[in-house]
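Number of protein chains: 2
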Amino acid sequence: MQTKTKNKTINNNPIGIFDSGFGGLTVMSTIDEVFPLESFVYFGDTAHVPYGSKSKDTVVKYSKEIASFLVKCKVKLIVIACNTASAFALPILKKTLKIPVIGVVKPGSKAAVFASKNKKIGVIGTEGTIGSKSYLREINKISRCKVYQQACPLLVPLVEEGWNDAEVTASIVQKYVEPLLDKQIDTLVLGCTHYPLLKKTLKKNVGEKIILIDSAEATADEVRNILNKKHLLANTKNKKFLRFYVSDNPGKFKRIGSRFFSKKIFNVKKIEMSC
Amino acid sequence: MQTKTKNKTINNNPIGIFDSGFGGLTVMSTIDEVFPLESFVYFGDTAHVPYGSKSKDTVVKYSKEIASFLVKCKVKLIVIACNTASAFALPILKKTLKIPVIGVVKPGSKAAVFASKNKKIGVIGTEGTIGSKSYLREINKISRCKVYQQACPLLVPLVEEGWNDAEVTASIVQKYVEPLLDKQIDTLVLGCTHYPLLKKTLKKNVGEKIILIDSAEATADEVRNILNKKHLLANTKNKKFLRFYVSDNPGKFKRIGSRFFSKKIFNVKKIEMSC
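Those protein sequences? They're chains A and B, same order as listed.
Position 175 of the first sequence, counted from 1, bears residue number 175 in my numbering, the numbering being contiguous throughout.
Position 142 of the second sequence, counted from 1, bears residue number 142 in my numbering, the numbering being contiguous throughout.
Please note: incorrect hints may appear among the correct ones.
Each pair may be met inside one copy or between any two copies, as identical chains are not told apart.
What the hints assert, rightly or not - For lysine to aspartate or glutamate, the following EDC-like pairs were computed, each having C-alpha atoms within a straight-line distance of at most 20 Å:
#1 Lys269 with Asp57
#2 Lys254 with Asp57
#3 Lys64 with Glu33
#4 Lys64 with Glu272
#5 Lys199 with Glu217
#6 Lys254 with Glu127
#7 Lys203 with Asp57
#8 Lys61 with Glu272
#9 Lys209 with Asp182
These aren't lab readings, by the way, just hints derived from the structure by calculation.
Just so you know, these numbers come straight off a predicted model, no measurement behind them.
Next up, chain A with everything else stripped away, as it sits in the complex (with noise of 0.2 Å):
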């Protein structure tokens, strides 16, 4: 679907996003906003959600069948939008498909070392995200950083509640970023994609000095790298679409998806896995 007009090359075809639930919506919703004329498929895998507490051959196993999926819907660019899946399957994927294949980990480490001044660096994440320490390496391979890690398995059933604003969530983020205060951090990423919407609570406990890195926004950058490189960028004019695909509960996802992507999210089909 690649035509050329004039000096311009134009790819219509959508950019696919995957994530193990609905996370990966605040990052599409940022890349949606930044690419008004390109069009999306999104696949959250319900069924198999949350992939932080997973393995990696597990996580890896379920990324390769979904991004078969995307295949088949012929996008043009797949984007990771889950840093578990990034962290584990990025590598992989990168190897044995056709398309470019971007994570979330790469963009976020890479604004975090752009922004933090005294080089310490905190990090927020799932287990798995921690576990793997996926920032940490690629952190590291940019410029020497100290980089202070901290597992968080409770901001995403915090975040899936609704209690953003919540006090309780106040003081459990409180519990879970004290020790990188105390580690003197400038920068903080939020390493998952659920993470944005507790920005608001973050900030009033890391003070206003503190940086927060939403991966969302880097890697919006990174897909705009890719689009212009490779001549991907898209001019749907009135066709633009976005679809929306689950492993399970199409219904939850309509409902509970629409407060990560900030917009109401229509027509959700369930797609049956064989994994």
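Starting from the structure of chain A, add chain B where the hints point.
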């Protein structure tokens, strides 16, 4: 493996127990205490945990595959030690399997009706269990009671984080049980196998007057009835065994599972599930 000695029939085959993860270990622990001569095979579906937020179809699919595995292990009885799977899969497994199958909802409901004087019963559980209304239906089959339900999606991750006695846990528990206390319940069903670990915090919040129903204890009574009625009691003496299988992360299961089982867990094997 059924042998007859004098007037007694003995069956040394193990009891099969399954859950989406660790929670069922609280049930197994209670049954093991009551029946020290029984052997057990436990399956924790850690590749798909948690069941509480998933749809009926998906939970039934997982439960069927686990039950087939347990039957291959020659279990003489299956205990579905998970409230969500009991709510969704018990009728189907009862129909399709030749061995007896019991869940935790019916025994818990019976015990609640028996305990309640004012016939106002509260039920707390996961989203799946509460949404299925299985306790509500089961309690009303036995006796006309007012049943007040409350989904508590944060309690499972709080227990898995090990924050059973933390202040934030007490605040969250309070937030969940307050609407039930307003209805003047005199009995509260712990409709999730993780919740027995929160008994202390729950007791502090609901006061000494409200009776907490731990379905593990009620289920052990039901197991006793069936083993007696069907002449399936074991007499393993020194041949008793405990076997643990999971669908993901055996290391984590060994580590965290011991807290739920109240004993050290050895030899956890990973089984690849096809779904």
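Status of each hint after checking the structure:
1. Taking identical chains as interchangeable, the C-alpha atoms of Lys269 and Asp57 lie at most 20 Å apart only when they sit on different chains, with a minimum of 15 Å there against 27 Å within one chain.
2. Only between protomers do Lys254 and Asp57 lie at most 20 Å apart by alpha-carbon distance; the minimum there is 18 Å, versus 29 Å within a single protomer.
3. Taking the shortest Cα distances, Lys64 and Glu33 never come within 20 Å of each other, neither inside one copy (28 Å) nor across copies (44 Å).
4. Taking the closest pair of Cα atoms, Lys64 and Glu272 come within 20 Å of each other both inside a single copy (14 Å) and across two copies (16 Å).
5. Taking the shortest Cα distances, Lys199 and Glu217 sit within 20 Å of each other inside one copy (13 Å), while across copies they are farther apart (43 Å).
6. In this homomeric assembly, Lys254 and Glu127 come within 20 Å of each other (Cα to Cα) only across copies, at 16 Å, whereas the closest approach inside a single copy is 27 Å.
7. Taking the shortest alpha-carbon separations for Lys203 and Asp57, neither the intra-copy value of 35 Å nor the inter-copy value of 41 Å comes in at or below 20 Å.
8. Proximity of Lys61 and Glu272 under a CA criterion of 20 Å is satisfied in both settings, with 15 Å inside one chain copy and 11 Å between copies.
9. Taking the shortest alpha-carbon separations for Lys209 and Asp182, only the intra-copy value of 14 Å comes in at or below 20 Å, while the best inter-copy value is 44 Å.
Hints 3 and 7 from the list above are not met by this structure, while the remaining hints are.
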